[in-house]
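Student: The residues making up each chain are set out below.
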Amino acid sequence: NAGVTQTPKFRVLKTGQSMTLLCAQDMNHEYMYWYRQDPGMGLRLIHYSVGEGTTAKGEVPDGYNVSRLKKQNFLLGLESAAPSQTSVYFCASSYSRQSVRGADGYTFGSGTRLTVV
Amino acid sequence: ELKVEQNPLFLSMQEGKNYTIYCNYSTTSDRLYWYRQDPGKSLESLFVLLSNGAVKQEGRLMASLDTKARLSTLHITAAVHDLSATYFCAVRGGSQGNLIFGKGTKLSVKP
Chain A
11 NAGVTQTPKF RVLKTGQSMT LLCAQDMNHE YMYWYRQDPG MGLRLIHYSV
61 GEGTTAKGEV PDGYNVSRLK KQNFLLGLES AAPSQTSVYF CASSYSRQSV
111 RGADGYTFGS GTRLTVV
Chain B
293 ELKVEQNPLF LSMQEGKNYT IYCNYSTTSD RLYWYRQDPG KSLESLFVLL
343 SNGAVKQEGR LMASLDTKAR LSTLHITAAV HDLSATYFCA VRGGSQGNLI
393 FGKGTKLSVK P
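From first to last, the protein sequence lines stand for chains A and B. Take 11 as the starting number for the first sequence in our numbering and just add one per residue. Take 293 as the starting number for the second sequence in our numbering and just add one per residue.
Chain A extracted, bound-state conformation:
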C-alpha cells in the first residue's frame, strides 16, 4: 500500500498565483486533513473532511479552499498565494473517531514544501 501520497513535493509560486495540492490515500479512510507546519508553531489544521463531499474549516482556513469529490482524494487550493503561505503542508488521513481502528491515529503524507515569493 502506498498510504498517503502528496503531490507535488516542492513548489515555488509567485505572489498572486494559484495552485492545487493533491492528497491521495488508499487505506479507505473516512477522514482526511490538511495541516501546515511552520517553525515554532507545530502543526495547525487548515481544513478537514469527514467523508466524501464534506469539508470543514480548521484553525487557520483563510486563504485556502478544499474539495473532497472522491473518498480517496483531498485537494487543497490556494487561489491567490501570499508570502505568508510559505510553509510545509501535510496531508493526513484516519478512520472515523467512532471506529476502534481510529485508535491508530493519523497516517501522514510526506509533505509539500511551498515557497511563495
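The set of hints was computed from the structure by calculation and includes no laboratory data. No residue lacks a Cβ here, since even glycine has one placed at the ideal position from N, Cα and C. All the pointers check out, no bait thrown in.
Computed footprint of chain B on chain A; a stretch qualifies when at least three of its residues, placed anywhere within it, have a C-beta under 8 Å from a C-beta of chain B:
no.	segment
1	46-53
2	115-127
If you anchor each label on the Cβ, the simulated ranges turn out as follows:
no.	chain 1	residue 1	chain 2	residue 2	range
3	B	Tyr314	A	Pro93	32 to 38 Å
4	B	Glu336	A	Asn38	20 to 26 Å
5	B	Ser400	A	Ser106	35 to 41 Å
6	A	Pro93	B	Asp374	34 to 40 Å
7	B	Glu336	A	Thr96	21 to 27 Å
8	B	Glu336	A	Thr30	25 to 31 Å
9	A	Lys67	B	Ala361	30 to 36 Å
10	A	Arg54	B	Ala361	21 to 27 Å
11	B	Ser337	A	Thr125	25 to 31 Å
Straight line, CA to CA, 30 Å or less: simulated DSS-like cross-link-like pairs of lysine-lysine:
no.	chain 1	residue 1	chain 2	residue 2
12	A	Lys24	B	Lys333
13	A	Lys19	B	Lys398
14	A	Lys67	B	Lys333
15	A	Lys67	A	Lys80
16	A	Lys19	B	Lys395
17	B	Lys295	A	Lys67
18	B	Lys360	B	Lys398
19	B	Lys295	B	Lys398
Since the structure of chain A is already known, use the hints to place chain B on it.
Tutor: This is chain B only, laid out in the frame that chain A set:
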C-alpha cells in the same frame, strides 16, 4: 478550546543520559499520541495511549499517560544519536475528533 503544551521545546542531550519530555493538555481527552519527525521528513507514529495509567515502551522510549493530571511523558533512556528528531504529542479533542498538536520538542543527542 483544547490546548496542548510541550516542554521543553528544545533539548540537547549527551549520549547515555536520561531525560523526559512533558505534554500537558487543557481539557479531557480519551487519546494521546506521540509522533516523531526527522528533519525534512513526515511524521511517524510512535505511541497511542488510550487510558489512564497507560504505559508503552519501544526501545529507549517510554510513554505514559495520566488523564487526571492531563499529562503525558515521553522518557528517553540512555539516549543515542539516532534518537535526534522532533517529537510531537497530539491529543484528540477537535469538534470532529481531530488531533491537536503540541509545538514539538526538538531533541539533539550529542556524542
